[in-house]
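Using the hints provided, position chain L relative to the given structure of chain V.
These protein sequences, in sequence, are chains V and L.
Under our numbering, the first residue of the first sequence is numbered 41, with each subsequent residue one higher.
Under our numbering, the first residue of the second sequence is numbered 41, with each subsequent residue one higher.
Calculated directly from the structure, the hints in this document are not laboratory data.
Bear in mind that the values here come from a model prediction, so they are computed numbers and not experimental data.
Don't be surprised by glycine CBs; every beta carbon is placed ideally from N, CA and C.
Among these hints, one or two may not hold up.
[To be verified] List of simulated lysine-lysine pairs, PhoX-like, C-alpha gap at most 20 Å:
1. V:K90 / L:K336
2. L:K336 / V:K101
3. L:K336 / L:K175
[Said to hold, decoys possible] Listed below are several chain L residues computed to face chain V (Cβ distance under 10 Å; list not exhaustive):
4. R53
5. F63
6. G65
7. A154
8. D165
9. G345
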Amino acid sequence: MMARLKKITVKVVAEPRQPARRISLRHGSQVGDLLRKMGLMREEFIVMAKGRVVAEFEPLKDGDQIRLIRVFSGG
Amino acid sequence: MNARCDFCSGKARYFQRHSGTRFCGRCFTKSLRRRVWRDIGRNRIIADSRSIVFAVSGGKDSVACLDIVHPLGKARKIQMAVLTIDEGIRGYRSEGIKRARKAAKAGGLEFHVASFKQEFGADLDSIIERLGSPKKACTYCGVLRRWMLNKWARELGSDRLITGHNLDDEAESALLNLIRGDPARLARSGPEYLLSHRKLVPRGKPLRGVPGKETLLYDIFNGLDVHLGSCPYAEFDFRNAVRGFLNRVEEDRPTSKSSFLSTVDRMSAQARPLFAGTKLVECSKCGEPTVGAECKACQLLGSVGLL
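Bound-form chain V, shown alone (with noise of 0.2 Å):
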């Protein structure tokens, strides 16, 4: 009951040139849950932690660095 009503905290930082953000996020969250949570779709992210990239169903813990990889076509 209470690791369900448990948050956690990840920090993320979006490419290119965004400032990093906090996103908190109900304990057992995963990647997938992430990007819904900020509004982004899976399509437009890839997304890393500790330099690797992880998939969308990826549990997430509390204080995970993320970084956001936009995919950016034209050019």
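Below, chain L alone, put in the same frame as chain V:
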């Protein structure tokens, strides 16, 4: 949860929503290469080619395209070179050129840079100044870049110009052509190149079936150095609205872009007989191939006093 790759049981790094497949980086790379090589064979993209020029901007798509196609060209002993167009966009293009040069060097390929300034006497930034607004930046940039790519690829002696256009680009272009009411252009689109002219270097788009997200994943999994910045003029392009719309549809219904593009390809194949009389001729001003008397590049250059 520690999800595993569906092929090797390594840690899953990517979930391909449209197929329901989980991939580790290595199996994703193998799968993507196989898919692109199959499309290259199916659409005869480099069949009978002796000399390929890769148009590389240094961005995620063109660098991935070069990395995937290069081994095929090497195995077939095709002569290859890399061509980058420097449009002259302050604070943006130089980063891409660095990456393009690095990608060419990694493949042991000749590297050429051709600039707007050298070719037209003005870079894109000064063309925008002449226009007084950045709203049409992408129109000028796109038309002039295509004109230069063809001319330079031909002058470099190539018989194929390979670009990094991906599924997102192609679906956006198809929808833009429908919105603009341009059935003639739509009829000319598709995986095969239909119009021919002795001065036109046939183009190939090996990544036409690959979503932009997957080309960037390929770059990351393979440690390729790509320019991630976005062009300062891109926000003014109507294509942005179309891109956002298609991404929202894809988010709700994966495979939407590919099924839309294949529907449009079938429609354009049906529409081709209506435009069968379309012939390429030489532009009355520059001599480059065009469907009208004066090519679009000359029209645009004339409109800003550069011709």
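Hint-by-hint comparison with the structure:
1. V:K90 / L:K336: violated, 48 Å
2. L:K336 / V:K101: Roughly 55 Å separates the two Cα atoms, so the pair is violated.
3. L:K336 / L:K175: holds, 17 Å
4. R53: holds, 5 Å
5. F63: Holds, because the Cβ-Cβ distance from L:F63 to chain V comes to roughly 9 Å (cut-off 10 Å).
6. G65: Check passed: Cβ of L:G65 comes within 7 Å of chain V, closer than 10 Å.
7. A154: Given a least distance of 16 Å, the restraint on L:A154 is violated.
8. D165: violated, 15 Å
9. G345: Violated, because the Cβ-Cβ distance from L:G345 to chain V comes to roughly 27 Å (cut-off 10 Å).
In summary, the numbered hints that this structure violates are 1, 2, 7, 8 and 9.
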